[in-house]
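J.: Turn these sequences into a full structure, and let the hints guide you.
If you count the sequence shown from 1, position 164 lands on 164 in UniProt numbering, and the numbers rise without skipping.
Bear in mind the hints are in silico, worked out from the structure with no lab data behind them.
Idealized CB from N, CA, C, for every residue including glycine.
Heads up, some of the hints might be wrong.
Ranges between beta-carbon positions, derived for each pair [as the list claims (entries may be wrong)]: (1) 266 - 336: 30 to 36 Å; (2) 373 - 330: 40 to 46 Å; (3) 312 - 420: 33 to 39 Å; (4) 365 - 177: 40 to 46 Å; (5) 385 - 405: 31 to 37 Å; (6) 52 - 176: 41 to 47 Å; (7) 175 - 330: 47 to 53 Å.
Below, simulated EDC-like cross-link-like pairs (lysine to aspartate or glutamate); rule was C-alpha separation at most 20 Å, straight line [unchecked claim]: (8) 381 - 366; (9) 381 - 369; (10) 430 - 305.
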Amino acid sequence: MSEAGLKQGVGLFSVVALGLGMAVGVAVFSVMGPASALAGPALLLAVPLAAIPVFIIALTYAFMGSALPTAGASYEWPRRFVSPAFGFMIAWLRIAGSVGAMLVLSLVLVRYLSMAVPLPLRPTMFAIFAVVFALNFFGVGIAARAQGFLIAAIIAFFLLFGGWGMTAIELEAFTPFTPFGWAGVLAAVPVLVGLFFGLEAATEMGDEVKDGRRNIPLGIAGAVIAALVLYLLIAVVSIGVLGPQALAESEAPILDAANAFMAAPLATPLVIAASVAAIGTSLNALCMMFSRYLFAMGRTGALPEVLGRVHPRFGTPHWALAAAFCLCVLGLFLPLNLLALFLAINIPTLLKYAGTCLAAAKVAADHPDLYRQASFRMGRKFTVFWSWLGIAASLGVVVMGLTADWRPYVALTVWGLIGASYYIIRQRMKAA
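T.: Structural data, given as structure tokens:
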């Protein structure tokens, strides 16, 4: 047990599986088509370019995770090293983002399942929430083992997809390689960047990671490398089998590509099974992250203290899990508009990244003892520079999102004002 009472049931493989499982979700099954429409075969250049801002941020997370592993890290680090109010607002906005993410993942999961068996949408989404939160209630070890099993199944599918698909590739599909020039490549980057969100997932569970100062940075590095290789393999096969034009027009690119070289009765059930496993890992990882920062906020008194309690038998934050479950259920009564939901997810996530980078800059500049105890660290001045680079990358992508739809920005601003009012009132009540 850690000092907070949480069980340490997460090893190195589980750290990699949590990050990879969080990243390999809905996007990989849908984003290659739009990216191909923008960049053509040169999306093979856009994929590693999209990884750059997340790589910058991932290194910062690796540094912070090795210096101070803690539950609810993306709340705790800004709270401790920037200000309590700043940390609260980052986490408050993430509540909306996490609910949105759970809604998107469960919605897409039901749609894939309905390809095999017609299912009622919202009741099935409720059932999915119940299963995922129940799994996490009974112990982080069980949830982490389930994550490892699911991510192994996904990797096995994509290795089969890649190995089999390589035999059906047409080299002519890759010429011309840059039909829309570098403008097309750069336009595809904001579309593809979401492929890499969540690779830092295990930092939210720092108290529950065995030997966190070693395993968190190693696990993040493993997840980044594995995700990049996996996405490039998928992109090469999808372009080479379908061609860039057909890929751009496809609504289910991986399914269409698989149907082109696999036997028809085999492709559909395999892709459905892989999509269910991929989305399942994302749901499981997100549930862990969501509940842990609610737990951290309860533990520090930013939210009701009951959220900071740990179940005496299972060693899990049961009240935080219950609160996250109830918020997701309430979300079922909202309109399920995918574009708005995606932006509602991405904006708080990017602001979270910026907040963690700012905390890292403060640690490197103002806390030399904590900096020195990090098992993964760069030079102090370079860490400060790198952290500000991460802030610029995060905020830059936030600004780019305004061109897609401004309404989620308004909704998140209103949610932020509610949070700010709550925080001010709660602080005054504490002081009274």
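J.: Give a verdict on every hint.
T.: Hint check results:
no.: 1; hint: 266 - 336: 30 to 36 Å; result: holds, 31 Å
no.: 2; hint: 373 - 330: 40 to 46 Å; result: holds, 41 Å
no.: 3; hint: 312 - 420: 33 to 39 Å; result: holds, 35 Å
no.: 4; hint: 365 - 177: 40 to 46 Å; result: holds, 44 Å
no.: 5; hint: 385 - 405: 31 to 37 Å; result: holds, 33 Å
no.: 6; hint: 52 - 176: 41 to 47 Å; result: violated, 25 Å
no.: 7; hint: 175 - 330: 47 to 53 Å; result: holds, 51 Å
no.: 8; hint: 381 - 366; result: holds, 11 Å
no.: 9; hint: 381 - 369; result: holds, 15 Å
no.: 10; hint: 430 - 305; result: holds, 13 Å
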